[in-house]
Every structure is written in structure tokens, then in C-alpha cells.
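A.B. asks: Build the complex: two chains, separate frames, hints provided.
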Amino acid sequence: MSAVGLIARDEIRLMTRNRVAIIAFVLVVLLTLVAVASSWAHQREIAELRARQAEAAETAFKAQPDRHPHRVVHYGTFIFRPLGPLAAFDPGVDAFTGNSMFLEGHRQNSANFGDVRQSSLLVRFGQLTPAFVLQVVAPLLLIFLGYGALARETERGTVRVLMLQGAGRGQIVRGKLLALGAAALLAGLPAMIGLAAISGQPGALAWPMLAIALGYAGYLALWTVLILLVSASVRRSRDALLALVAVWAVAVVLLPRVAPDLASAAVPLTNRLQTEVAVARDLRTMGDSHNPDDPHFAQFKRALLARYGVAKVEDLPINYKGAVGIEGERLTSAVYGRYATANHVAQARQNALVDAMGLLSPTIALRSLSMAAAGTDLAGHQRFLEQAEAYRYALVQRLNRMQMEDVSYADDGATDAGADRRKRVSARKWQAMPDFRFIAPDGRTLAAAALPGLAIVFAWLAGALILLMVASRRLGAR
Amino acid sequence: MGLFRYELRLLLRQRLTVGALALLALLTVAALAMGMAEVARQRAAIAAIPAAQAEDIGAVAHYVDHTRDAGSAAYYSFHPTWDAPAPLAFAALGMRDVSPYILRVRALGLEAQIYDGDTFNPELALPGRFDFAFVLVFLAPLFVIALFHDLRSAEREAGRQRMLDALPNGGRALWRRRTLLRFLLTWSAIGIPFGIAAAFAGVAVAPILIVLALVAAYLLFWIALAALVGRLRWSSVANAAALAAAWLVLVLIVPTLCNVAINAAIPVNQGAEIAMAQREAVNGAWDVPREATMRRFYATHPEWADSAPLGPEFHYKWYLAFHENGDESVAPAVRAYRQGLEARDAAARALGWVLPSVGVQALLTRIARTDLTAQLAYQDRIRAFHHRLRTFYYGYLFRDRPFGKTDFDRAPRFDDRDRG
Numbered sequence: 008m009s010a011v012g013l014i015a016r017d018e019i020r021l022m023t024r025n026r027v028a029i030i031a032f033v034l035v036v037l038l039t040l041v042a043v044a045s046s047w048a049h050q051r052e053i054a055e056l057r058a059r060q061a062e063a064a065e066t067a068f069k070a071q072p073d074r075h076p077h078r079v080v081h082y083g084t085f086i087f088r089p090l091g092p093l094a095a096f097d098p099g100v101d102a103f104t105g106n107s108m109f110l111e112g113h114r115q116n117s118a119n120f121g122d123v124r125q126s127s128l129l130v131r132f133g134q135l136t137p138a139f140v141l142q143v144v145a146p147l148l149l150i151f152l153g154y155g156a157l158a159r160e161t162e163r164g165t166v167r168v169l170m171l172q173g174a175g176r177g178q179i180v181r182g183k184l185l186a187l188g189a190a191a192l193l194a195g196l197p198a199m200i201g202l203a204a205i206s207g208q209p210g211a212l213a214w215p216m217l218a219i220a221l222g223y224a225g226y227l228a229l230w231t232v233l234i235l236l237v238s239a240s241v242r243r244s245r246d247a248l249l250a251l252v253a254v255w256a257v258a259v260v261l262l263p264r265v266a267p268d269l270a271s272a273a274v275p276l277t278n279r280l281q282t283e284v285a286v287a288r289d290l291r292t293m294g295d296s297h298n299p300d301d302p303h304f305a306q307f308k309r310a311l312l313a314r315y316g317v318a319k320v321e322d323l324p325i326n327y328k329g330a331v332g333i334e335g336e337r338l339t340s341a342v343y344g345r346y347a348t349a350n351h352v353a354q355a356r357q358n359a360l361v362d363a364m365g366l367l368s369p370t371i372a373l374r375s376l377s378m379a380a381a382g383t384d385l386a387g388h389q390r391f392l393e394q395a396e397a398y399r400y401a402l403v404q405r406l407n408r409m410q411m412e413d414v415s416y417a418d419d420g421a422t423d424a425g426a427d428r429r430k431r432v433s434a435r436k437w438q439a440m441p442d443f444r445f446i447a448p449d450g451r452t453l454a455a456a457a458l459p460g461l462a463i464v465f466a467w468l469a470g471a472l473i474l475l476m477v478a479s480r481r482l483g484a485r
Numbered sequence: 037m038g039l040f041r042y043e044l045r046l047l048l049r050q051r052l053t054v055g056a057l058a059l060l061a062l063l064t065v066a067a068l069a070m071g072m073a074e075v076a077r078q079r080a081a082i083a084a085i086p087a088a089q090a091e092d093i094g095a096v097a098h099y100v101d102h103t104r105d106a107g108s109a110a111y112y113s114f115h116p117t118w119d120a121p122a123p124l125a126f127a128a129l130g131m132r133d134v135s136p137y138i139l140r141v142r143a144l145g146l147e148a149q150i151y152d153g154d155t156f157n158p159e160l161a162l163p164g165r166f167d168f169a170f171v172l173v174f175l176a177p178l179f180v181i182a183l184f185h186d187l188r189s190a191e192r193e194a195g196r197q198r199m200l201d202a203l204p205n206g207g208r209a210l211w212r213r214r215t216l217l218r219f220l221l222t223w224s225a226i227g228i229p230f231g232i233a234a235a236f237a238g239v240a241v242a243p244i245l246i247v248l249a250l251v252a253a254y255l256l257f258w259i260a261l262a263a264l265v266g267r268l269r270w271s272s273v274a275n276a277a278a279l280a281a282a283w284l285v286l287v288l289i290v291p292t293l294c295n296v297a298i299n300a301a302i303p304v305n306q307g308a309e310i311a312m313a314q315r316e317a318v319n320g321a322w323d324v325p326r327e328a329t330m331r332r333f334y335a336t337h338p339e340w341a342d343s344a345p346l347g348p349e350f351h352y353k354w355y356l357a358f359h360e361n362g363d364e365s366v367a368p369a370v371r372a373y374r375q376g377l378e379a380r381d382a383a384a385r386a387l388g389w390v391l392p393s394v395g396v397q398a399l400l401t402r403i404a405r406t407d408l409t410a411q412l413a414y415q416d417r418i419r420a421f422h423h424r425l426r427t428f429y430y431g432y433l434f435r436d437r438p439f440g441k442t443d444f445d446r447a448p449r450f451d452d453r454d455r456g
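Note that the protein sequences, when read in sequence, are chains A and B.
Heads up: the first sequence begins at 8 in the numbering used here, then just goes up one per residue.
Heads up: the second sequence begins at 37 in the numbering used here, then just goes up one per residue.
Chain B with its partners taken away, still in its complex shape (with noise of 0.2 Å):
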């Protein structure tokens, strides 16, 4: 032990190197209060939902309780649903940022909505987020080779490896001993604010372990590239230099490459064009027999078959049978989308597994449920939602109930912790 505190003494003695673990250590602390001020910003705006929701349904309400027509009620009540920030959201924004995490659906047409964006300034979210897995992927590795390209050239240049090497217990038990103090230096950097901030913000134990054991498993990557590029023997400017470049490649260029490679080799039929066939199909009900539209409808949902047949007048349960229709008419097509999504997704993924960089992105961003798998899963509860909406008013609807002002409490309500 007494060896690794007089290595630690001269280590600490290295303006360079206690300065560079500061700032890392300073980095990552920014990082993670502007995550945690983000996060907490997502959740003061779904905290918010309810009285700015209860004040517009009790307009609604009150407006429908003349003509006590539940189509008027399903038409005009928009119902919120939110995705709330994992724990671990923090440290990974994700696409948090540029997908919404509320959005308010009423029981018409769900594709012509699952698709609006929220409010957002697209010039700020072009570079990316300031995170703490930004920190983690793109910075450390900088920190990295600050403290570990000279490692023995520093000594070689300086005259004193050989002596070093001819030392008792030198040689390689003193570079090992060197490249664990640095390693465990630099790690506790950024995993001792990480463990706190993620303490504090009530993530369990399991997935604080994984990070730890993530951001230790990406230095490794980089302290053996170091490594390498030390056996050359070169100078000590010329290894920084190289692993610069390396950097350079492995965390920008590769991943832009790829990025273009993955669009081009996996086309996604554009989102667009979902929208406007389901508009077609809606619009087109207009204009075709409002029996055929029935039929087709009672063929797909026969538990309301028996409601009463249409007469001259406009009846909402026409009006939603033909949004439902037009969301099944372009089903297909959503699944290929989806599809299309989920490949583009898994190739990043599976390039993670050779381009550290984005493995830890990908998993970061997977821990901590900002990813494309959480965006899907959250549509894929807002359609479950969507459809108790549907059974809800074609209940008064197709069994032409009033619809009452204390009928609008027994509309289902969104639930965030049912997932899936």
C-alpha cells in the first residue's frame, strides 16, 4: 500500500494531471445538474397536467351538457398522457427532447395524432444535450489520453526508465501500478458525483452498478488503446497526437458514417405519407354509403353490431366508426413503419457492439429508457389508452346514452406506471 500513496503523491503533484481530474470531475457534476434540472423540468410540466386539464374538460363539460351528446363529448374532450422520466433519465436525455413526452389524444383518428411533436427549438437540440453520457462518451476519452499518452514515454524522455525498470518492484508492477492509480483516479471523477446524483435522484442499486461498471469498462477501452499506441515506442507528442485521431474516428467520424450508411441501406417509408392515406380514408367516408362504412365497421367490432340502424340525421357514431376504419385502413403501413424504425435502431445497436462509443450511448440511453425502445413503448401505451377511449364513448354512443356532466370523471384516465 505504502508504494501506491507515494505514486499518488507524485501523481498528485503533476499540474496537468490533477488539474484534468478536476475538470472531469467538474464536467461531470455540470452534466448531471443540467440533466437533473432538465428531468425535473419534464416533471414539473406533467405535474402541471391535471389543473390545466381539469380546466379545459370543465369548459367541454359544461358546453356538452346542453345537447348531453356523448359525440359532442368524445369529440371535443382531448385526454393527456404522459411518459414520465425514468429514474436514471438524468444521466441520459436521449430523445427526450425531440419526441414528446405529452400529448393529448381524443377518440378520433389516433394516427392523424400520434405523430405531433411538442414545442421544441430544433437549433438547440442540433448539437445535442450537455449529459452526463455526453461527458462519459465524448470527453472522457480526451481525459484519457491527457493522463495516460506519456505514461512511459514521459519516463523514457525524461532518462529514468531504465532506472525505473531496475528498481525493486519496478518494471511492470510499477506501470501497472501507475495505470490502476490513474484509472481509478479518473473513474472516481466521474462515477463518485454519478453515484451521489444518482443516489439522490432514487435510481436502485442494479442500475447504478451497470453504469459504474459501464464508464470503468469504456476508460479500460481507451487506457488499452493508450496502451498500444505506447508499446510504438514513439514520442510522447506522437501518441497523443494518434490517439487524438483515434478519438477523432471512433467517436465522430464512424458514427456519422455509419448514421448515413443505416438510412441509406434501411429505407423507412416516410411517416408522411401514413398521414395522408389515413386522411384519404377518413375524408373519403364523406362520400361513400354511411351503411357501407357501418358494415365494414360491425365486420371488425361485432359486440356493437346490434346498436340501432342510422337515420337521416348525422349520428358522432358514424363520424367515429369512419376515424376508426381509416386508422385500421393504413394498420399495414404503421407496422412497416414501426418496423422500418426498429431495424434502423437495431443496426446502431448492433454497431455498438464494435464501436464502444455507441455501445455506451445505446446502453446508457436504454438504462436509462430514453431511447427509441422507450419512444415505442410509450406509443404503444398511448394506443392502449386510445382504445379504452374508443370502448368508453362508443359505449353511450352506439347505445345512445346521454351523456351527463358527471359522465366526464368516468372517462378512463391515462396511467404512466402501466407499461405495457
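Next up, chain A with everything else stripped away, as it sits in the complex (with noise of 0.2 Å):
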């Protein structure tokens, strides 16, 4: 057997008699599956209760009776965001959104009922995930499982012993190194499976699921090579566990929160009230078709009675209100689409400006690929508001193109006792009305955007690669 192998069996050996060392690895496994298991029912839960009340939402609107049309632009529909099956392994932003939206005419609402304000305070400690155990759990029993390697050796001079038998300082590290990345790869290993588990499920996707697993394996091995770079520099082994759970708890625990107030404060939002009156001064100063005096809605008046040659609105082969709906319609979307874009364009550089942070913390740059890959981050869900308020808008203007066409101008001002029927169009037309889907985005598309996220992860590998081996050329130097 090679110097690298004896050392690292060495090394192994001395780490399964270390009882203490046996049981924190078993309770991180046990943990693990705990929250591999809890964390696909709860996800596979959420999916069916979703499409559950996404179908009950379906049927209402369908078995709606003989409605005036702009009723039903009223009436409105509710849409779900689907949880995909990758959110059983990182769940990401999915409780801290809205996961319903009720979409109507001249309105873009807010998602509601984010399990966040659903849940007790014990949410904002953390989630039990997947994610969260590699995340956070793992790289801790690392340090207590490596923090001595080289630092004892260090401490007791067996070093020196060591490379009297002939072995390199090389050759010691790169044992060192097996082992611990054996253990690594040990406790990563139900998560993965957990992984591969999900796969199994229909829309799995292969790409970001191999860009998950070069993640999470990137960040164990980082772990891995930090330990044994901070136990090669220190001559006490005390002072290597201080030193290494001092970086864990800045790394892991502290940027990962301090970055998104840093974020925060640097790009501010601007807040829903603020954002509807200058959404509604917007539509003052371009068109209120409320106001008769509106001059936008009489030149569109105008151009439309030139377009049909006809003097009056009455005579009109349309029924002029559901023109000026459609037209109203598409006025307030274009105002409402623009700050929400803007409110887009802030938070993305929120995020840029948090990924940035992630150069110091690699546990930032995994965690923005993991949901990314997963597609349970930020992108995510705009990607299921654009979706939410394309579907919207069509269906509005479908709404207000039957008022325009099936209902007649004369029936839609009448106040006779027979006009309320008049007005309705019959119920066949909302059963024809088709259904929001969300389109998930394929499989490349979330890996290309964990390709950042992985990076910097491996980045940071090759960056702790290199001090390590300028670190274990003074291995035994005193």
C-alpha cells in the first residue's frame, strides 16, 4: 500500500474509534434522511394541494352561469404556482412567496398566503431540507472530524516521525485529505441518494440535478481542503477547531444574513402604496376612460367612428364599452407592467449585490446555485408572475373582446327589466376559456444560471487547493 493509502487508513481508523466523532456522523445521516423524507412529503403535499385547489378554481370558473362578460373580468380567476419536484430538495424562496393569485381585470395583485405568515416563529430558524443539512450541518461535523488531522500531529510531533519513515509532506496531506473527503463523501451520500430519489419523479430534470450534485460536491471537498489547510497553519489543535468554527459561523451563519440587509439598504423597494398612487397618477396623466373630458379616450373615440364611418358610438357594429375596456385594459397593463419591472430590475440587483458577497462566503454562491437549479429562487417565481400576468391580461382582454362583439351597445345601457338578461353571454364560452399552466423552464436554462453559483464554488476550491499546498510545505518546519 502507498504512503497516501497507510496514512489516510490511519486516519480513518483513528476517526471511527473517536465515539463521540461515530455518533455526531450518525446523527447527521439520521438527520438527513429525517429531512429528506419530510422534506419531499411536505413538497409532494404542497404539489397536490396546489393542483387541487388550482382544478376547484378551474371547475368555479367554468360552471360560472350566463354572465355579462365584464362580470367575469370581475370575478376573476386564482392561480397556483406549481411546486416542482426539485423543491423537495430545496425548497428555496417557495414558503416565503405567495403561492395564489387572484387575477382580475384593471389590477395586478399581490401572491397571498406565503407559508411564512402561515407557520410559527421556529420558520425563521431555518428550514429542515436537504439543502440545509449540506448547507449548514455538514461542513460543521467536518471540522469535528478534521480539525485535528494535521494540527495533532502538529502539536504531538508525530509529524516529524512521520517523515522519518520516509513519508513527503505531500504524501501526509494528500492521506489527510483522502480521508476526510472519504467521510465527506460518506456524509453527503443520503442527500444524494435522497436526490437521485426525487429523480425518479416525473419533470425531474437531469441538468440542474447534475449541476445540484457538482455544487454540493464542490462545497464538501472546499470544506474539506479549508480543514486541513486551517489544521496544516496552527500548531495547536484547540486552536484549529476555534479558528475553523469562528469561519464556519462567519461563513455559514453570519454573511449569509448580514449581505441581504447590506442589500436591502443599499437598493431600496418602493412599497405597494407608493407604487399604486403613482401607478394611478400615470393613468391620470395618459387615459382615464372614466372621464368624459379624457382627451386620449376622445382621440381614440374619434379614430375609432372614423375607422367604422359612423357619426355616434351607437352606431357603431361594436359595442364601443368593451373597445374602450380593451383599450383601458391595455393601459393600466402597460403602467402596472412597467413598475413591476422596475420592481424587478431592483430586487435582481438586490440579489446581484448578495451574490457578490457570495466571493466571501462560498456558502452564499452555493446556496444562490442550489435554487436556482432547483428553479425555487427569486427567477423562479417572477418567472410565474410574468407567466401569471400574461395569462391574466388575455384573459381579460378575451373577456372584454365578447363584450365588444356579443354584447350590443344598446343592451349594455339598458336599465329594462328584461336587459339584465340581455347582457349575459351564455356559460358555454367560460368552459372554452383555457386554463393557466405554468411552463416550467427546461432543464438548461437552470443550470446555465447555477453556472455562477458554481464558479465561485470551485473558485474557491482551487483557491483553498493552492494554499494548501503552500501551507503543507512548512508541515514539521519547527
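The hints are simulated quantities; they were obtained by calculation from the structure and are not laboratory data.
The reader is advised that the hints may include incorrect statements.
Claimed, not checked - Cross-link-like lysine to aspartate or glutamate pairs, in silico, EDC-like; alpha carbons within 20 Å at most:
#1 A:Lys69 with B:Asp323
#2 A:Lys328 with A:Asp442
#3 B:Lys441 with B:Asp105
#4 A:Lys328 with A:Asp419
#5 A:Lys308 with A:Asp419
#6 A:Lys69 with B:Glu316
#7 A:Lys328 with B:Glu349
#8 A:Lys328 with A:Asp427
#9 A:Lys328 with A:Asp423
#10 A:Lys328 with A:Asp362
#11 A:Lys69 with B:Glu91
#12 A:Lys436 with B:Asp323
#13 A:Lys436 with B:Glu309
#14 A:Lys328 with A:Glu412
#15 A:Lys436 with A:Asp418
#16 A:Lys308 with A:Asp322
#17 A:Lys69 with A:Asp418
#18 B:Lys441 with B:Glu91
C.D. replies: The structure is reproduced here in C-alpha cells:
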């Protein structure tokens, strides 16, 4: 057996003799299994609940009686954000964003009923998911297993004994690396098996799963190298432990919290009240369909009358109210869309700031790559919001067109006893409306979104390896 | 006292100790500054409401003045409500980053409005805020571990323990002195910046003292744990590893496990179902005879029952009546939803009695009025205000009084101090 193999075997034997280490290891494995099971059950439960609710909402929409199309604009529809299979591994922001949305005319509503407002305060301590275990707990386990790997030998002077027996410095470090790397592999294995099990579900995509597996492998490898780097650089194993726990606390616990606070202070978001007031202001200047003297709609009316070659709206072959509805919705949607885009841009800038902090904390980089690949990051939520808005706009405009074509202008304004009946459109029309279907991004898109995070994690790994090579040259020098 | 001075000088020569204490004080100051900046932002957002509101309502008044129709006024006027942060909110931001503290409502169905959220970036909210509560609950124990894990074992490993035990005033008195000294220094590193910040923020004396006592109690818990581990006479390294593992379990793992358990044990029927049921009830009113709607409304609101009967034309009093009917039809579901949320919250609080990390977080957010209880109290204030709004507009609609420009100024105004 080579010297490296011997050293690795020796180190592993020492780890297995440490009863506390074994108990900790078993506990982490158990924790991972619990996390995989509960997270998967939770994801399936949520996915089914939302599918059921979405179906109930669609059924209710289609079961509407004969109605005036504009009633249906206000009746609106509820849609639910579906949860992809990879959310069982990393649910990301799912609990923090509303997952249902009420779509109606003239307005863009917020997504409501996120789990964070429906759970106890414990939800802010973190969520037990495989991603959480690997990001937060596994590094600490590796620290406990490996802090003394080299520092212990230095402290007791056994490094020189090893070297006297003919082992090179590089061989010693590689042997220890191999041993701790094997432990890291074993610690990460249950979560990866969970990931593989999740992949059996329909809709799970190969590329993002590969990105996730690579990302976490790189992350655990980074911690392995980092632990040996610190262990090689200090003279006492206690110092190695304290330094590593400090590094862990800063990189895993502190920075991921500080970065968002700095980002939200640097890029303030406009709150809803200010946005709504600004939207109303813009609409007043652009065109107000309620105002009889509004220049935009006066112009609109003239153009419409000229197009059909008639003098009065009563003579139009279409229902003028429906035409105004279409134009009004076009204007409001454009204004709302502008503010929504500005908000998205601001949030993307905030996230870019946090991602830049990923250069300081690989945990931040890993977290964002993991969420991006799972499709549960902010971009995934915004994808939902954009598709929801596109669907809402198409739905409302269909209804406005229905009012324009299927309800006569005379009936629409009439108030006689039978007018209410004549204004209504057949219930069959609602059944012909398309349902909302969230189009999930393909695997390549998700995996590509994970690339920046992957690059940062592997840059960290490369940097740590170089430093370890430098540090191992001085091993046992004094 | 002299012995304390010597111990202090001894302690201050240790670079690790001085560095740790300075870092802890620095983190506390940073967290307090971040919390205060966030609260200042929230206060500024609330202070900016009147100007925006005046502009908005002015435009509505201008438009409604053509018809002087109270129904249009009720339909188009949004009225702001807000939940000003309590003086101590900067210390524990709690739910204030994910729950709205400004919400505009109008006199239509409230159940379709009260669950609306404000704009926030979920990716920033996900890891939690960097506030004083975080420094205390998550970070302070790590500093206690760094300072206390080798209190005795370091002396033993250096071969000095027997000598120290043999000294006059040595032995137990010595360890007590050293423990007390380290405790006081840690407590000051957290407590002094907090005290100054709280006094600066105008927090009353009693809450400041409670928080300071809470800090002391939480630190003492971790010191006691360190002492307990120290009694096992393990090496310094083993002590540190055991304590760090205890930290991981008590602060991160048990709360997350309990979160899963509580959410599974106490199912809350999803709020989305309330919103859907309310919308069904409200929109269904267009398809039932209007008299039936009015009868149902008058049954619960006899004070308006003598209003003139409906004509063939659209009348906003019918519209608002079926909105209120819609709210009433989901009232039992709303109560059940709220009870579910409160049951989850109560379960987490109960856990706080056995788990100090959760207990401290729960107490801090309670004193800072940033917890679920505070959120629900804000919702109650919104409900009370919304009731006043409805009554105000009904006074015009059910009596067919015109609604002029000056009537906009008579509309009820939300008063944040009106706490319940």
C-alpha cells in the first residue's frame, strides 16, 4: 500500500475509534434522512394541495352561469404556483412568497398566503431540508472530524516521526485529505441518494440535478480542503477547532444574514402604497376611461368612429364599451407592467449584491446555485409572476372582446326589466377559456442559472487547494 | 476587589479573549445599527403616507364630484392603515419584513384585501434578518463557548490547576471569580450597546431592564452548559467540540425539527380557500335576486333596514351590501384560520420554555411587538377601522345623501395609537 493510502487508512481508523465522532456522524446521517423524507412529503403534499386548489378554481370558473363578460373580469380567477420536484431538495423561497394569486381586470394583485405568514416563529430558524443539512450542518461535522488531522500531529510532534519513516509532506497531506474526503463523501451520500430518489419523479431534470450534485460535491470538498488548510497552519488542535468554528460561523451563519441586509439598505424597494399611487397618477395623465373629457379617450373615440365611418358610438357595429375596456386594460397593464419591471430590476440588483458577497462566503454562492438549479429562487417566482400576468392580460382582453362583440351597446346601457338577461353571455363561453398552465423552464436554462454559483464554489476550491499546497510545505518545520 | 483587578489584567492579556469580546461588541453594534436603520426606513415609509394619500384621494374627489355619488367615493377611495414599529422593534424585527406594515383598504369586502402583502424580496428574507435578536440567540452562545470551554481545562493542561487550587482564595472562589468576570464582560459587550441604543430609541426603562435580564439569563444558560461539560474533565478540544455540537442542536436542528412537527401536527386550512369562498359569495350575488341579498343584509344590519327599496338601476348600497354579506359568509373560516395560526404560535412558545434559543426569540419579538400576536393585533385594528369606513359610507348610501368634495375630509381616519 502506498504511503498516502496508509496515512488515510490510519486517519480513518482514528476517526472510527472516536465514539463522539461516530455518534455525530450517525446523527447527521439520520438528520439527512429525516430531512429528505419530511421535505419530500412536504413538497408532494403542497404540490397536490395546489393542484387540487387550482382545479377547484378552474371548475368554479367554468361553472359560472350566463354572465355579463365584465362581471367575469371582476370574478377573475385564482391561480396557484406549482412546485417542481426539485423543491423537495431545496424549496428555496417557496415558503416566503405567496403561492396563490387572484387575477382580475384593471389590477395586478400580490401573490398571497406564503407559508412564512402561516407558520410559527420557528420557520425563521431555518427549514429542515436536505439543502439545509448539507449547507449548514455537514461542514460543522467535517470540522469536528478533521480539525485535528494535521494540527494534532504537529502538536504531538508525530509529523516528524512520519517524515522520518519516509513519508513526504505532500503524502501526509494527501493521505489526510483522502480520509476526510471519504468522510465528506459519506456524509453527503444520503442527501444525494435522496436527490436520486427525487429524480424518479416526473418532471425532474437531469442538468439541474447534475449542477446541484456538482455544487454540493465542490462545497464539501472545499470544506475538506479548508479544514486541512487551517489544521496545517496552526500549531495546536484547539486553535484549529476554534478558528474553524469561527470561519464556519462567519461564512455559514453570519454573512448570509448580513449580505441581504446590506443589499436591502443599498437598493430600496418602492412599497405597494407608493406604487399604487404612482400607477394611478400615470393613468390619470395617460388616459382615464371614466373621465368623459379625457383627451386620450376622446382621440380613441374619434379614431374608432372614423375607422367604421359612423358619426355616433350607437351606430358602431361593435359595442363601444367593450372597445373602451380593451383600450383601458391595455393602458393599465402597460403602466402596471412598467412598475413591476422596475421592481423586478431592483430585486435583481439586490440579489446581484448578495451574490457578490458570495465571493466572501461560498455558502451564499452554493445557496444561490442550489435554488437556481431547483428553480426555487426569486427568478423562478418572477417567472411565475410574468406568466401569471400574461395569462391575466389575455383572459381579461378575451372577456373585453366578448363584451365588444357579443353584447350590444344598446343592451349594455339598458336598465329595463329584461336588460339584465340580454346582457349576459352564454355559460358555454367560460368553458372554452384556456386554463393557466405554468410552463416550467427547461433543464438547460436552470443549469445555466446555476453556473455563476458553481464557478464561485470551484474558484474557492481551487484557491483553497493552492493555499493548502503552500501551507503543507511548512508542515513540521518547527 | 483587588483580586478581580488582577484577574481582569490576566484576562485582558489573552488575545483570544480580548478579540472575541471586541468582536462581539462590534457585531452587537452593527446589528443594532442595521435594526435601527430598518426601523427608520419603515417610519419614513409611514411618514410618507399622507402626502401620497392626499394626492390620490384628491384625484378621486375631483372625479366623484361630477356625480356626487357616495358609492363611487366608496369604490374608488383607498384608505391607508399602518402599523408603526414599537420603540423596541429595532432589536427584533420579527415578522415585519414579510408581513405588511402598511395596507390600504376600501369599503368593499375586507377578506379579499386583508391578506395582501407588501413588496419584499423573498431571497433576502429567506436567511432571516441580521438584528440584535440574531446576535443574541445565534452568535452570543458561540462567544460563550470560545470564552468558557477551557476555563478549567486550560489550567489543567498547563499543569497549574493544583497550584491554583492550593492558593489562598483559590479553588472554587477562583473559578467563581473568573466565571463572574467573563460573564460580566460578555454581558457588557452585548448589554451596554443595547442599553445605549434602546435609550436613544426612547424605549421605556422596564423593557430595557427585561431585555438586559434576558440577555443575562441566556448567557448564564450557556455558561452553565459549559461548566457542566467542563466537569467531565475532558480536554479543551473535546469541550469545545461538545459545546459547539450542543449549539448546533439547540439553536439550529431542534427548532427546524419542531417546525416540521408543529406544521404537521396543527394543520391550518389554507388562507387561499377563504379568499376563494369569499369571492364566490360576492360574485354569486349578481345571479340571485337583489331583494334576497338586501334581506340577508338587513337581517344583520337592522339599522339600515328602513332604507328606500331598490329601483331597477344599479345602486351601490346593494353592491356594498353583498360585499359585506360575502365577508360574513366566510367569518367561521376566518376564525378557524386565525385559531390555527395562534395554535401554531402557542406551540412554538411552549417550546420556548424548554428551548432557551426559541424562548429568547419569542420573548424578544413579543416585547418588540413584532411577532404574530402583534400582526394579528394590527389586523384587528384594520378590521375595526374597516367597520368604521363601512358605517361612514352606508350613512350616505342608505340615506341617499350626496357625497361632495368636503365629505372626503369627513371620512374616518386610521389611528395607529388606537390599539385594540
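A.B. asks: Measure nothing beyond the straight line between the CA atoms of Lys436 of chain A and Glu309 of chain B; if it is 20 Å or shorter, mark the hint as holding.
C.D. replies: violated, 25 Å
A.B. asks: Going straight from one Cα to the other, do Lys441 of chain B and Asp105 of chain B come out at no more than 20 Å?
C.D. replies: holds, 11 Å
A.B. asks: Need the status of pair Lys328 of chain A, Glu412 of chain A: alpha-carbon distance at most 20 Å?
C.D. replies: Holds: Lys328 of chain A and Glu412 of chain A sit about 10 Å apart, inside 20 Å.
A.B. asks: Holds or violated: Lys441 of chain B and Glu91 of chain B, Cα atoms, limit 20 Å.
C.D. replies: Holds, at about 14 Å.
A.B. asks: Please work out if Lys328 of chain A and Asp427 of chain A have their alpha carbons no farther apart than 20 Å.
C.D. replies: Roughly 16 Å separates the two Cα atoms, so the pair holds.
A.B. asks: Within a Cα-Cα threshold of 20 Å, do Lys69 of chain A and Asp323 of chain B meet the stated pairing?
C.D. replies: holds, 15 Å
A.B. asks: Quick one, are Lys328 of chain A and Asp423 of chain A close enough, alpha carbons at most 20 Å?
C.D. replies: holds, 18 Å
A.B. asks: Keeping to a limit of 20 Å between CA atoms, is the pair of Lys69 of chain A and Asp418 of chain A held or broken?
C.D. replies: Roughly 24 Å between the alpha carbons, so the hint for Lys69 of chain A and Asp418 of chain A is violated.
A.B. asks: Lys69 of chain A and Glu316 of chain B were given as a pair; does the straight-line alpha-carbon distance stay at or below 20 Å?
C.D. replies: Cα-Cα ~13 Å, so holds.
A.B. asks: Would the pair Lys328 of chain A and Glu349 of chain B pass a check requiring their Cα atoms to be no farther apart than 20 Å?
C.D. replies: Judged against 20 Å, a Cα distance of about 18 Å means the pair holds.
A.B. asks: Mind checking the alpha carbons of Lys328 of chain A and Asp419 of chain A for me, to see if they're no more than 20 Å apart?
C.D. replies: holds, 8 Å
A.B. asks: Between Lys328 of chain A and Asp442 of chain A, is the straight-line Cα distance small enough, at 20 Å or below?
C.D. replies: violated, 26 Å
Against the hints set out earlier in the document, violations occur for numbers 2, 10, 11, 13, 17.
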